[in-house]
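Visitor: Construct all of the structure, not just a fragment, from the sequences and the given hints.
Chain by chain, the residues:
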Amino acid sequence: MAAFSTLLRKDLKLELRTGESTITLIALSMLILLVLVLAFNPAEGHSADLAAGALWIAMIFAGMLGSSRALIAERENGCMLGLLLSPIDCAQIYAAKLAAAFIFMMVAEAASIILLMLFFNLDFGIRLARLLPTVMLGGLGFAAISTLLAAITSRTRAGDLLLPVLVVPVFVPALIAGVKASSAALAGAAISEMAMWLKIMIAFDVLFVVAGYLLFEYVVVED
Amino acid sequence: MKSAWRLAVAGMTLATMIAAIWMSLINAPTEAEQGTVQRIFYFHVPCAMVTFCAFGLVAIAGALYLWLGNQIWDDLEYAAAEIGMVFCTLVLVTGSIWAKPIWGTWWTWDSRLTTTFILWLIYAGYLMLRAFGGDTPQVARFAAVVGIFGALDVPLIIVSVRLWRTIHPAVLLTRQNEHGLQDPRMVAALLMSMAAFTLLFVWLLGLRFKTLRLNTRLNSLKREVALWRAAEEGGRA
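In order, the protein sequence lines correspond to chains H and S. Counted from 1, the first sequence has number 202 at position 202 by my numbering; the numbering is strictly sequential. Counted from 1, the second sequence has number 418 at position 195 by my numbering; the numbering is strictly sequential.
The reader is advised that the hints may include incorrect statements.
As the list claims (entries may be wrong) - Simulated restraints on C-beta separations:
hint, chain 1, residue 1, chain 2, residue 2, range
1, H, Ile-114, S, Ile-295, 37 to 43 Å
2, H, Gly-53, S, Ile-295, 43 to 49 Å
3, H, Asp-123, S, Thr-259, 53 to 59 Å
4, H, Ala-27, S, Ile-320, 25 to 31 Å
5, H, Asp-160, S, Arg-385, 40 to 46 Å
6, H, Asp-89, S, Arg-229, 43 to 49 Å
7, H, Asn-41, S, Thr-312, 34 to 40 Å
8, H, Met-136, S, Ala-238, 56 to 62 Å
Calculated directly from the structure, the hints in this document are not laboratory data. Cβ atoms here follow ideal geometry from the backbone N, Cα and C, with glycine treated the same way.
Guide: Pasting the structure below:
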């Protein structure tokens with residue numbers, strides 16, 4: 001646990017000094033939302049559905065770039081080798097990287113939700129509280145798979161191109177559940193109406209956090 | 224797999240395949256509502272069965288490879304993934320051919336179609352990783368992890384896609400007719416076709432596996448020769 005908190009603190013401190021991940025993620029989410037608003041021209045009536053879709057598109061694309069960035073930075077500075085040589089369980093490294101990726105994603109999500117409310121003319125208030133569990137569960141699941149798969153692609157030839165191809169299909173169940181739950185939340189539905197979708201997302205998160213925790217070792221080990 | 228054994232499987236595949244073609248195209252009666260188009264079902268369903276077996280094998284062989292580290296499991300895994308992909312493509316294509324006259328469209332986001340398509344995408348990513356990542360033990364481990372991820376995802380995909388579709392009412396007919404194989408000749412044709420495709424899968428898997436084993440052996444021989452040459456040159460200098 002000490003190793004986990006040290007690693008996480010290191011990542012957070014690095015982020016506070018440079019702001020690299022969060023600022024890029026926010027900028028990217030903003031651009032994606034802008035593109036979607038221009039492409040779909042949200043009209044009255046359908047704005048909740050459209051906004052939910054836009055939120056998840058921004059999350060997936062910004063998250064993908066963010067997660068590969070975090071691991072490439074470790075590699076560029078030869079830091080990954082140091083981490084692997086240190087007497088830390090590989091699973092702890094995964095947990096710390098996952099936690100860092102999750103925190104950065106949530107900061108970016110907070111920004112994009114505020115923008116979403118403005119761009120799509122939704123009212124603030126109760127909807128935000130209902131959106132929160134969906135976004136957090138989705139972000140956790142996404143961080144779990146993208147951290148592991150980015151560890152793979154950051155060490156593979158043509159890896160940058162492969163990351164989206166590997167991440168998006170695996171994320172589909174959580175994506176379906178997430179879009180459905182958020183569009184219900186944005187339309188003002190009660191939590192009980194979203195329960196079914198939230199359950200799927202919880203199952204997804206548990207499955208892939210555990211799988212990532214167990215499999216990370218095989219992905220980072222050097223030959 | 225010894226070559227005599229492989230020949231036997233090939234012979235049985237040929238015999239059952241001919242029997243399956245005769246039984247499903249000629250012997251089985253034409254389905255009352257759908258007509259001749261329904262006959263594609265005798266090929267579509269066995270293909271789907273083989274797809275699931277192959278992708279299941281990818282995950283099992285992948286887990287064994289990570290656990291035991293023996294190259295033989297990796298070769299089996301790669302062979303199963305390639306063949307699974309071929310059959311998955313066949314499932315989608317034969318399904319589309321059937322759907323056009325029956326549902327009136329080549330493609331609809333029905334739960335089963337969507338699930339199969341997402342599986343296809345996951346294993347397409349898997350094969351791209353293997354093809355572009357390079358032929359190293361590292362990429363083999365990566366591929367095993369992706370294969371396991373894909374298999375873990377399957378139940379969740381099925382559940383989420385089904386719920387997604389039930390909430391949106393289906394535009395087209397349900398396919399209840401499919402299970403109404405009234406005539407025993409229809410059931411026989413389906414069973415024979417399943418046997419034929421299972422044998423075809425085993426035969427193809429054996430061939431591909433053999434090729435990959437030979438490739439592994441060739442690579443290790445090449446390494447040995449390179450080492451030997453280097454040692455010889457070192458000795459001369």
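Visitor: Among all the numbered hints in the text so far, which are the ones the structure does not match?
Guide: Of the numbered hints, 1, 4 and 5 do not hold.
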